[in-house]
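Visitor: The listed protein sequences correspond, in order, to chains A and B.
All letters in the first sequence, in the order written, are residues 5 to 311 by the working numbering.
All letters in the second sequence, in the order written, are residues 630 to 907 by the working numbering.
No wet-lab data here; the hints were simulated from the structure.
Do not take every clue at face value.
Stated by the list, open to error - Some chain B residues close to chain A (C-beta under 10 Å, calculated; not the full set):
| # | residue |
| --- | --- |
| 1 | V639 |
| 2 | R671 |
| 3 | R730 |
| 4 | L731 |
| 5 | I742 |
| 6 | V744 |
To be verified - If you want the footprint, here are the derived chain A segments under chain B, 3+ residues with CB under 8 Å:
| # | stretch |
| --- | --- |
| 7 | 52-66 |
| 8 | 85-95 |
| 9 | 114-128 |
Beta carbons are placed, not taken as given, at the ideal position from N, Cα and C, and that holds for glycine.
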Amino acid sequence: MAAEVILSTRDLGKRYKARWAVRHVNLEVRRGDIFGFLGPNGAGKSTSIRMILSLVRPTEGEITIFGHSLRSHRGLALRRVGGIVEKPDFYLYLSAIRNLELVGALTGGVTPSRIGEVLHMVGLGERGRDTVKTYSHGMKQRLGIAQALLSDPDLVVLDEPTNGLDPQGMKEVRELIRTLAKDHQKTIILSSHLLHEVEQVANRMAVISNGELVVQGGVEELLHGTETVVSFRASPKRSFLAVCKKARGFVEKVVEQDGAFRVTMNAGYVPELLRRLVNARVEVTSVEPRRSLEEFFLSITESAQVR
Amino acid sequence: MGRLVWSEIVKTFLKKRTYLGFLIVLLVIPIVEWAFKVEGGRFLRAATRNLAADFLVLGNLFNGWFVSYQVMNVLWIHVPLLITFVAGDMLAGEATAGTYRLILIRPVSRTRILVAKYMTTVLYVVLFVAFLGVVSVGLAIVLLGTGDLLIFSRGILVLPEADVAWRFILAYILAVAPMMTIASIAFFTSSFVENAIGPIVATMGIVIVLTIITVLPVEAFNTSRTYLFTYHLIVWQKAFLDPIPWSEIVLSLTNLAVYSCAAVTGTWFVFTRKDILS
């Protein structure tokens, strides 16, 4: 049986003057999910997250969190939600502890021991009394996660939480996300423009591009399906295509692009195809497996960058 | 609500810029009052020279009360600027710092956050005006002692020494009202922009333009000027009239309250509908 849906959006849209930043977004986040929300920069991730956290008013559509409409019962809907939106900003002239006290005053029920607990959880236990202006970007990012967890929310929304972190910091944040889901039973929405980040930690995901939802489903199902695109660099061309033609049982499609052959095939048959190519004296200089979603994501990312 | 107000008080009163106005008062008042003392009443003698033929002036009229009254007249033009430093930063400061994203994702309504911020603004204005009064009057009395208070307003009025202290207290209480109106306008302009300079400039711009209309000797403005809040900024002066014109004071306070309410309502309308994009 599928887990309870704790956040859903129905036909969510936001228009700025004549331009739709987000339109027809229908998300479904289930209890216990680490839900990757993926898309290139400018795709509409942050606008969607801001609407979910009530920073931006939707132009159309509905958001329901824990069964409460965000439009009509904002307080109830956000009572069990914590979040961090884009870069972590704080009152720089105050200490981390004082900042968390102020955040706690807005939700209520936050004790000094809880503040110590979350600071310890993100590795800032020893620096809590220092003013935030003395913090590095990575430390502010951790403090951002600490404030998101402060009221012990059931749903944690993290918008690009590894932005600006060094590789070690990224690894630690991803580990923390896994721990939150596994050991603390939190449901997490992780917005990111990094496919591998989502792949590493999420169990479900959605991809947004140009403000519209492109795909949504289980990470396993979307990324590790049987259909894979394998990029070959090989010669002679005629022999390569002849071998592929004979392997119609497991090769679906061959497209020549940028001097390489992109072969859509069942991933399990790659060794068999290689064996046949070698027997046919085809010289293979590179083999690069690419899953279909990665191909797709790269294509939308690249097109966004070109724009 | 108490928690929210506490949180706003902590944010406001742990910020250095909050004390800028207090610091300026501490620097300017002693200089001005020391200058009065050094000048030794020449100003008062010049003002009363024409009266010498008709009146016999006894006692010390150049005293702390007189100097405090003059200081109040002079400084009251500049105090609004100091008020806008803080009131204009209340909302715009959060936008500049990016901390809207920290506070507005909580399950507390924007209206409650706004009320807490406005209550903190009221507290700041009351504390600032009280501080100005204590420093100005206290230092003047220490430097120049007390005596009867000579007032040049609607003729000449000499208030006996025993009748002066409570009038100063009343004057400073009344002075809170126009400062709250100016703070409310700064609060309103602060809801639109994402930097703290904008509200200061906009508010002072409004005050300056309306003050010009208020004081211009143009007949066409005679009726309309009484509706402008700038016409009532000096409501505190009425505390030094005899008898005190209570009906005029009520009228001025009503006008100022209407402007304050309009500004706060406007702020609420903008703030509760604002998309946080910073």
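Visitor: Each hint needs a verdict: does it hold in this structure or not?
Guide: Status of each hint after checking the structure:
1. V639: Holds, because the Cβ-Cβ distance from B/V639 to chain A comes to roughly 6 Å (cut-off 10 Å).
2. R671: violated, 46 Å
3. R730: holds, 5 Å
4. L731: With Cβ-Cβ at 6 Å, under 10 Å, it holds.
5. I742: Check passed: Cβ of B/I742 comes within 8 Å of chain A, closer than 10 Å.
6. V744: Since chain A brings no Cβ nearer than about 13 Å to B/V744, farther than 10 Å, the hint is violated.
7. 52-66: holds (count 6)
8. 85-95: holds (count 8)
9. 114-128: violated (count 0)
Hint compliance for this structure: hints 2, 6 and 9 are not met, and every other hint is.
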